[in-house]
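*Asks:* Residues per chain, in single letters:
There are 4 protein chains.
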Amino acid sequence: MIRAGVLGATGYTGFELLQWLAYHPHVEIAFATARSDAGKPLSALYPTDLDIQLQAVEDVSLSDADVLFLCLPHGAAQEWAQRGLDAGAVVIDLSADHRLHDADVYARWYNQPHTAPHLLAEAVYGLTEWRREALRQARLIANPGCYPTSILLAVAPLLNAGLLDGATIIADSKSGVSGAGRSPKLGSLFVEVNENLKPYNIGHVHRHVAEIEQELHALAGDHAPRGIVFSPHLLPVSRGILSTIYVPWPQGLSADDLRALYAETYADEPFIWLLPEGATATLAHTVRTNRCAISLHPVPERDQLIIVSTIDNLVKGAAGQAIQNMNVRFGFDERAGLMPVARARVQEV
Amino acid sequence: MIRAGVLGATGYTGFELLQWLAYHPHVEIAFATARSDAGKPLSALYPTDLDIQLQAVEDVSLSDADVLFLCLPHGAAQEWAQRGLDAGAVVIDLSADHRLHDADVYARWYNQPHTAPHLLAEAVYGLTEWRREALRQARLIANPGCYPTSILLAVAPLLNAGLLDGATIIADSKSGVSGAGRSPKLGSLFVEVNENLKPYNIGHVHRHVAEIEQELHALAGDHAPRGIVFSPHLLPVSRGILSTIYVPWPQGLSADDLRALYAETYADEPFIWLLPEGATATLAHTVRTNRCAISLHPVPERDQLIIVSTIDNLVKGAAGQAIQNMNVRFGFDERAGLMPVARARVQEV
Amino acid sequence: MIRAGVLGATGYTGFELLQWLAYHPHVEIAFATARSDAGKPLSALYPTDLDIQLQAVEDVSLSDADVLFLCLPHGAAQEWAQRGLDAGAVVIDLSADHRLHDADVYARWYNQPHTAPHLLAEAVYGLTEWRREALRQARLIANPGCYPTSILLAVAPLLNAGLLDGATIIADSKSGVSGAGRSPKLGSLFVEVNENLKPYNIGHVHRHVAEIEQELHALAGDHAPRGIVFSPHLLPVSRGILSTIYVPWPQGLSADDLRALYAETYADEPFIWLLPEGATATLAHTVRTNRCAISLHPVPERDQLIIVSTIDNLVKGAAGQAIQNMNVRFGFDERAGLMPVARARVQEV
Amino acid sequence: MIRAGVLGATGYTGFELLQWLAYHPHVEIAFATARSDAGKPLSALYPTDLDIQLQAVEDVSLSDADVLFLCLPHGAAQEWAQRGLDAGAVVIDLSADHRLHDADVYARWYNQPHTAPHLLAEAVYGLTEWRREALRQARLIANPGCYPTSILLAVAPLLNAGLLDGATIIADSKSGVSGAGRSPKLGSLFVEVNENLKPYNIGHVHRHVAEIEQELHALAGDHAPRGIVFSPHLLPVSRGILSTIYVPWPQGLSADDLRALYAETYADEPFIWLLPEGATATLAHTVRTNRCAISLHPVPERDQLIIVSTIDNLVKGAAGQAIQNMNVRFGFDERAGLMPVARARVQEV
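Chains as they are written, first to last, in this note's numbering: chain A, 8 to 356; chain B, 8 to 356; chain C, 8 to 356; chain D, 8 to 356.
These aren't lab readings, by the way, just hints derived from the structure by calculation. Be careful, since some hints might not be right.
Keeping only pairs whose Cα atoms sit at most 25 Å apart, straight-line, the calculated PhoX-like set for lysine-lysine is [unchecked claim]:
no.: 1; chain 1: C; residue 1: Lys192; chain 2: D; residue 2: Lys192
no.: 2; chain 1: A; residue 1: Lys192; chain 2: A; residue 2: Lys47
no.: 3; chain 1: B; residue 1: Lys47; chain 2: A; residue 2: Lys192
no.: 4; chain 1: C; residue 1: Lys192; chain 2: C; residue 2: Lys47
no.: 5; chain 1: C; residue 1: Lys192; chain 2: D; residue 2: Lys47
no.: 6; chain 1: B; residue 1: Lys192; chain 2: A; residue 2: Lys47
Chain A with its partners taken away, still in its complex shape:
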């Protein structure tokens, strides 16, 4: 058993993480911290029977944790990552603070200087299926954003095969409201979201663009695509992201070649669900699981390929992938604590 600490446990991501960790066979929860709600039981904040007492971060000893999960706002995570490392913990940061390798890029997209740039070189971008090598030795893991996870897993096989050289990738993504967090804001109110669909920060504006394009290049090597056009939409559902991705048809490949490429690439992946020909990925394929569902839709009439991918933004897009990364880092079975048996638990939110 290893001991896990969670900083920032009261948001949707922190709570989701605690629910999965609580039933992980190899983990015990050392502490979970909160700011304004320190001192309260978790059950005062959520309709849960998990028996967890929230503590002030000042009252916990980071060295009690073998693994420290940061569910803090970006900006705040930088300081605590260093403290966690100093205390000897493996740090898994679910914020955006360590995803970008270049401090200047971070500063430009997040409108603030990075206070611990020396960590950016060390941080491993935790897109599990594509970073296992590095993850096994990592001290600091930057857990990917929800949108980037849904998009990168869908196009990685093409990038890795050098088939999107110079291409512009269009990703039309739709996300559930939990992605906006639990702090009350007008745009997250039921009446504003219900019976509506709202595109926001579309084109080349959303902060995840920087993260996505960095990793597109990393995955493509010498055959880098030109970049991405990214359009997030706010969906009237609680959870889930569906990305409808448009790429130019890879010259010289048949639809069967393409399907074979995906099938081989993801053959042994427990959490990648490549749907059979004719099926289309929907939110219902992945909500409340750590899976990413992918379906392929050739459009020969227009020399295009459409890839649909779905994940649960709070699981594979956050807490679940963080645990998957922990499993890799500590040598556990990668599926530990993430199999459907825990499903009954993932009820709240």
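Following the hints, position chains B, C and D against chain A.
*Replies:* Then chains B, C and D, alone, in the frame of chain A:
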């Protein structure tokens, strides 16, 4: 044409009111005020093409309004009611500040003293169908709460006939989220409300209890019921209130007698929709209209009567009834601006 | 390990049952049958990765099952219950066919004669928490209806203590749409249900009334209540039932006495969640779990007690309670396969 | 006043049409027909107080109608269009039967021969803003599909200016469930749609592709685009379509030029709402109105332009545009019966 002013135009109620007033055949909007959003067009706050500029209340002259609608939080409305009266306007208060006749009762239920108790005696409780006489001369109209409207209209015929003498009335009410207002709070977030149903302040706790019991007695005269048990529930819908009301079966009446009583009582009411035998009122019967739908369900096996009533909390439960009261007060057709039969305006185009 | 067979696996209840059984530590699925979909994999009907092939009932041997779950429409279950018993299986009927002990009552409420009345005497009504004795020996278990489960568990402590003698119990229940089943009907269409709330069969009309009143008497013994007024409402959510129950205040008891009664009665129950004073049960407390959440709300001003209870209609209201009954019958830990504490399985990975 | 007849009045489109027609200043409803529901009042099918009796089509005389609206399934409309013309009525067909000019194309996309090909040449495609000339003389008007309306209005200014020569247009569209009609099918059930998002017929498969590409060419003249990639998604909302459209940036134009082009093109259009720079179209901008909202989003970093457009699929996408076409054809003010004052009416569904 009369001139209407709206104080507090940016909440759901204020916005709803403006949308109806904008197409009222006998009204022009003199001003609409906001606090933090003063100076902005309404279209900066809502996806609307209504061309209305929000002003600071300090910058408007109340005397420009023949009728002044108060869409302010309770507490704040008291001061402005007096100012409106001093400026010679008819004041229609959509807050709770002038519904209770007794300042002590107000203080007890709202945890604050009433700062203008002298107005309580004068204010007319604007349950239109039952207060027309008084409304015609009123200077100050207290617009009923949404829950009270749905419950009082449903039981008034029985009370008025003295058939609930000493009875305990059980009202199990379910409301859409717009009733909670537009200020961001945790309990109104999409993720908290969606796929959930939440009873709150149930029993004899909700502030509307005082208002309901006051009016139950007023309607029943010498044959007052004992009182009410009131259970509000938060529904995952944007608009609408449905109240399922349980009363002891009125001794000596047949189901036909009862139906006849309701049919006669509401025979000429344009906004009371008594459903035929066998039909059941649903939210869909009344959402986005000023109607109240009522269906009667005798339970002879248990000597009980169930009455189901529905309204739109923002229309008949707030803005619509306020306009209906204005129509009565100013001698307009009571339906003016509240039904598509405001055909005159359509013909202009 | 025991072998489980499921007849009628393609409805929401059947599918829910298979999902839980698939991860039960002591069960393997022997067969799952369908009518029109026989021969298809389950994944052709639902977005699932469960690898189950649907068979025609004619092609399976009932004797391959130690326990046979009937997820058939009422009427159809009667014949198959007998066949299952003849094949030596323990039969758990999730339909309404064996809940009523009196064939005449069945015929009256279901408008058809019962074809196997001899089984009614033998069938054990599987409200687990109150029938363990009988369940341990049962050959045929009648799994309770969803509404009755939510209502009976909430009032059983009072009935059992003889505190509702002669009382009329008012149950205002609200249910998610999955309770209406998966066969396409107008009333279950998204557009009909969404943004709506619809009471149906209210008063003393719904078929569950017969089942509820039979069990009220069974639980109360010599201190039987008069009966129930029952008002189901269709909620715009997928899962969950919330019942708001009104009973006359039990004379001579204090609020503390009452809370103590419930606390003692349900002290050791793994699936009954008595909420602390001040908390109110919501759907979110129980959706996707086998729990029943109960909160108590005294109304001293009106000598009434309100009890709020919630369950997931597909879990504690159907598939989950069926598995709980199976666990009791076969001597497994009652929680097996119903809580993440089925940790054993997780440890395998 | 003209007399309007409606064939197929019981679906969502037919009902929507009746609600708007009922309050049109220049129209009286001559008849409304139904198949299985003939003889019933409309209120037996919908929670409405519109007093309309449904008749069997055999029992009405088409010559009683000056304008005949066909809300029939494709295939069925062909026969009745001819009959309506023979009876001297102007026929407005809301089905797909007369949208395609080429009978072979129709046969290929609808898998059945067209039984009245001689009408295809005569039928005017009723995209009102772009076909007024022809509509004024039309005997037979083919009302556009909902998806095509949302897409064509958004790109027409570019096509008309010859700016999409040879381009591939990518339209990622999301539609509410009412677009699927009111006949019960599994895919339209609340539980299937709720909390889900489902792409369907994506790429170059959906029948609207043929209609869209025909009109793209018609609007572009000598500067035809290559064609479209079209991806419809089923949204968990009742009404509304949002299309996110990706086109290559028109060479040599600045963002201001582009905005000016749209502003001039649609300057005097009462139902085209070009949003100001910085705003983004959402469903809430147009639901329950006859408007089409359009917002422009240049992506200079990737030489792309994103156009977002929204309509209400039942109004501008069906019944509303049909009335707008009728207004043009009969010389009424184009806004007659379509102004917001009728809004209060558009409540059901």
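*Asks:* Decide, hint by hint, whether the structure agrees.
*Replies:* Hints versus structure:
no.: 1; hint: C:Lys192 <-> D:Lys192; verdict: 8 Å, holds
no.: 2; hint: A:Lys192 <-> A:Lys47; verdict: 23 Å, holds
no.: 3; hint: B:Lys47 <-> A:Lys192; verdict: 19 Å, holds
no.: 4; hint: C:Lys192 <-> C:Lys47; verdict: 23 Å, holds
no.: 5; hint: C:Lys192 <-> D:Lys47; verdict: 19 Å, holds
no.: 6; hint: B:Lys192 <-> A:Lys47; verdict: 19 Å, holds
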